[in-house]
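2 protein chains.
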Amino acid sequence: MSDFLTVSRSAHDRLVEAAYRSRGYTADEAGEGAKLAAEAARHGIRTHHALKALHLDHLLGSAVGGCTPGAEIEVVKSRFAGSEIWNANRKLGQSVAYRAIERCIELADKYGIGQVSVDNAFHYLWGGGYVMEAAERGYIAYTNCTSSLAEVVPFGGKYPTLGTNPHSWGFPTTAALGFPIVSDWATSTVAMGRVQALKREGKMLPPGAAVDKDGKPTLDPNEVAALLPFGAHKGYAMCLINELYAGMIGGSLPTLRGRPTIAPKGEKTTTAFYFQVIHPDAISGNAFAEGRDQMENLAEVLKDVFGHGNEDCILPGQFEAEARKRSDEAGGLHFTAAELAEFNELAAELGVAALEPIAALEPIA
Amino acid sequence: MSDFLTVSRSAHDRLVEAAYRSRGYTADEAGEGAKLAAEAARHGIRTHHALKALHLDHLLGSAVGGCTPGAEIEVVKSRFAGSEIWNANRKLGQSVAYRAIERCIELADKYGIGQVSVDNAFHYLWGGGYVMEAAERGYIAYTNCTSSLAEVVPFGGKYPTLGTNPHSWGFPTTAALGFPIVSDWATSTVAMGRVQALKREGKMLPPGAAVDKDGKPTLDPNEVAALLPFGAHKGYAMCLINELYAGMIGGSLPTLRGRPTIAPKGEKTTTAFYFQVIHPDAISGNAFAEGRDQMENLAEVLKDVFGHGNEDCILPGQFEAEARKRSDEAGGLHFTAAELAEFNELAAELGVAALEPIAALEPIA
Chain A
39 MSDFLTVSRS AHDRLVEAAY RSRGYTADEA GEGAKLAAEA ARHGIRTHHA LKALHLDHLL
99 GSAVGGCTPG AEIEVVKSRF AGSEIWNANR KLGQSVAYRA IERCIELADK YGIGQVSVDN
159 AFHYLWGGGY VMEAAERGYI AYTNCTSSLA EVVPFGGKYP TLGTNPHSWG FPTTAALGFP
219 IVSDWATSTV AMGRVQALKR EGKMLPPGAA VDKDGKPTLD PNEVAALLPF GAHKGYAMCL
279 INELYAGMIG GSLPTLRGRP TIAPKGEKTT TAFYFQVIHP DAISGNAFAE GRDQMENLAE
339 VLKDVFGHGN EDCILPGQFE AEARKRSDEA GGLHFTAAEL AEFNELAAEL GVAALEPIAA
399 LEPIA
Chain B
39 MSDFLTVSRS AHDRLVEAAY RSRGYTADEA GEGAKLAAEA ARHGIRTHHA LKALHLDHLL
99 GSAVGGCTPG AEIEVVKSRF AGSEIWNANR KLGQSVAYRA IERCIELADK YGIGQVSVDN
159 AFHYLWGGGY VMEAAERGYI AYTNCTSSLA EVVPFGGKYP TLGTNPHSWG FPTTAALGFP
219 IVSDWATSTV AMGRVQALKR EGKMLPPGAA VDKDGKPTLD PNEVAALLPF GAHKGYAMCL
279 INELYAGMIG GSLPTLRGRP TIAPKGEKTT TAFYFQVIHP DAISGNAFAE GRDQMENLAE
339 VLKDVFGHGN EDCILPGQFE AEARKRSDEA GGLHFTAAEL AEFNELAAEL GVAALEPIAA
399 LEPIA
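Taken in sequence, the protein lines are chains A and B. Numbering-wise (this note's numbering), the first sequence opens with residue 39 and increments by one. Numbering-wise (this note's numbering), the second sequence opens with residue 39 and increments by one.
The set of hints was computed from the structure by calculation and includes no laboratory data. Treat the hints with care, since some could be wrong.
Stretch by stretch, here's where chain B covers chain A in the computed footprint (C-beta under 8 Å, at least three residues) [to be verified]:
no.	region
1	189-196
2	207-216
3	299-308
4	330-340
5	351-365
The list that follows gives simulated cross-link-like pairs (lysine-lysine, DSS-like), each with its CA atoms no further than 27 Å apart [claimed, not checked]:
no.	chain 1	residue 1	chain 2	residue 2
6	A	148	B	148
7	B	237	B	251
8	A	251	A	196
9	B	90	B	254
10	B	251	B	196
11	A	241	A	254
12	A	237	A	90
13	A	251	B	341
14	B	241	B	196
15	B	241	B	251
16	B	251	A	341
17	A	363	A	341
18	A	341	B	303
19	B	115	B	148
20	B	254	B	237
21	A	251	A	241
22	A	303	B	341
23	A	115	B	148
24	B	73	A	341
25	A	148	B	115
26	B	363	B	73
27	B	254	B	241
28	A	73	A	363
29	B	341	A	254
30	B	341	A	196
31	A	341	B	254
Just the calculated beta-carbon pair ranges, DEER-fashion [unchecked claim]:
no.	chain 1	residue 1	chain 2	residue 2	range
32	A	329	B	117	14 to 24 Å
33	A	367	B	329	52 to 62 Å
34	B	375	A	115	53 to 63 Å
Just so it is clear, CB atoms sit at the ideal spot from N, CA and C, and this is done for glycine as well.
With the rest of the complex left out, here is chain A (with noise of 0.2 Å):
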């Protein structure tokens, strides 16, 4: 792995946030879009980072109508005391993100389970962040959505007509463990990414990962036409979930989201996200055994459950918080030169002040 470079956060907030200003976004969409790369940086979350933001909004968002700049949430009306539905507008994805988790947080305070369903939205890009921030405050967080393309196969099929569809669970592990355990991963087996690195580098794909223009599983990335579903049907009914989700919320059909040119007038192509806040109180049977409470009860469980020979597992999360805590320790973010190098090239048509880099890390193996 290349060396990595720290830049202090706040410099990074800086050029990020101009960049967002200067496609029309108001000072509070930049700031929630610059937190959300930050955060992304800070725990090694290299997919979903600023430049890959700004590139997405460039290619999808606000440059194209995917996205757009200053619109207004609005609030569906609905009967039910516990939940809420929104109309996103278009809003920066980030922006609507962040703020659906603080309200599925204010309903899990009185109601115990608190759901904000988004329609009309676009792309949050790392659903882990969101869940995160509310399992470090002591929730149990959980979203999904659907990704802007379809690119999975259904288990069976022959034509891509799912998203890649993640699903981020957060849990409030920080007293036990250290860190919040944080589950946030794509349905599909690899991502598109990682197809186009392998073929850069001249790699064969694991087998079930993907599958050829007829539909044929193939392992060479060259010959990729489609991905496929992980863990076979189990994760094929994951990835079909958020479909479900999308469809009672306000999505259409999957093979025009994202591809607003070849969907015919009165369809719909904007993705759906999904928000869930649970207050662990409120489902504390408050009867542990050995009169723990309810975080020494957690603590023990994972203590056994990563006991018996089983002391060299990951966690999920785990590897999040490990980058968090070399980012911390090195007091800013970590990005490589080549990465640093279009953070100022991007400073220098924006006219704003470039990245230096603070200190050098040590190579991480």
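Chain A is already provided as a structure; the job is to place chain B on it using the hints.
Only chain B this time, still in chain A's reference frame:
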């Protein structure tokens, strides 16, 4: 596949209820136990019909104190309007689960989403049965539970410290498809029962399904010491999630669960359940493309996913729907001759009328 015999549901229910009553269960419990068993048989769930349910009750339930006939559910005091917390006091799992889903539906009708967590529970057998019932009545329903015994090794580990921990979801797709989508599976690649079956048949396991006594992967059913989660780190996270819920509800150490003989005094060995129901109106943005209503939109989404050459895909819940159709057309429940003989041994023991086959079915391919 061997031929099936059809028996009338009422005769089946009378016999199964008599068996539960003979073990001290109340009329309500016996009725709920018979109902879940009949629904399992009706939907082709051969792993959780009455013979299995009664066998499990004998091994781990009423005969050994794991389950307490006539136990009363206590509702634990809570400040959260949209949630309930129950102490099941080891009441029959099927009774608890049917009532919990019913209570979740009432909460969802009011709050849009409702949850019931259950401490001190005993095995509810077929999670799919409960969410299917809610889905047929128009709701999104979800349940998870911790399996009695830790048989699954965490990803990257060596020793079984996780249950096979199923997740079950039901979706209101009856208007769209003719049946509810029900995704219902254990988080192990295969069940322990499947390992036994392969051993008898002299066949090998699929890769990634099990480990031997040293924690090494094995394909030989004779060498199997423990199971592996499906889908590598993704399925492992799904398996772990149930332990996190259970640890926060009131379950204690997974390696002691279902093993009262080895648990120290003061420990708990019971399982925990989690139930959740969502009212579809509480997530609907009510702005579907082409003037569709919510269920029409869901139908169009599913038509898109399972079109384009994907017409042969099997949907989650489709096998169950097909089995149900066969059962309903034959006017009863299907069992093999060997199963019927076992039922009638039970009938003789209990001194009740034997089950008579009402018609022979054509063999199912």
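Note to self: I'd like to know which numbered hints this structure contradicts. Please list them from smallest to largest.
What the structure shows: Hints 9, 24 not satisfied by this model.
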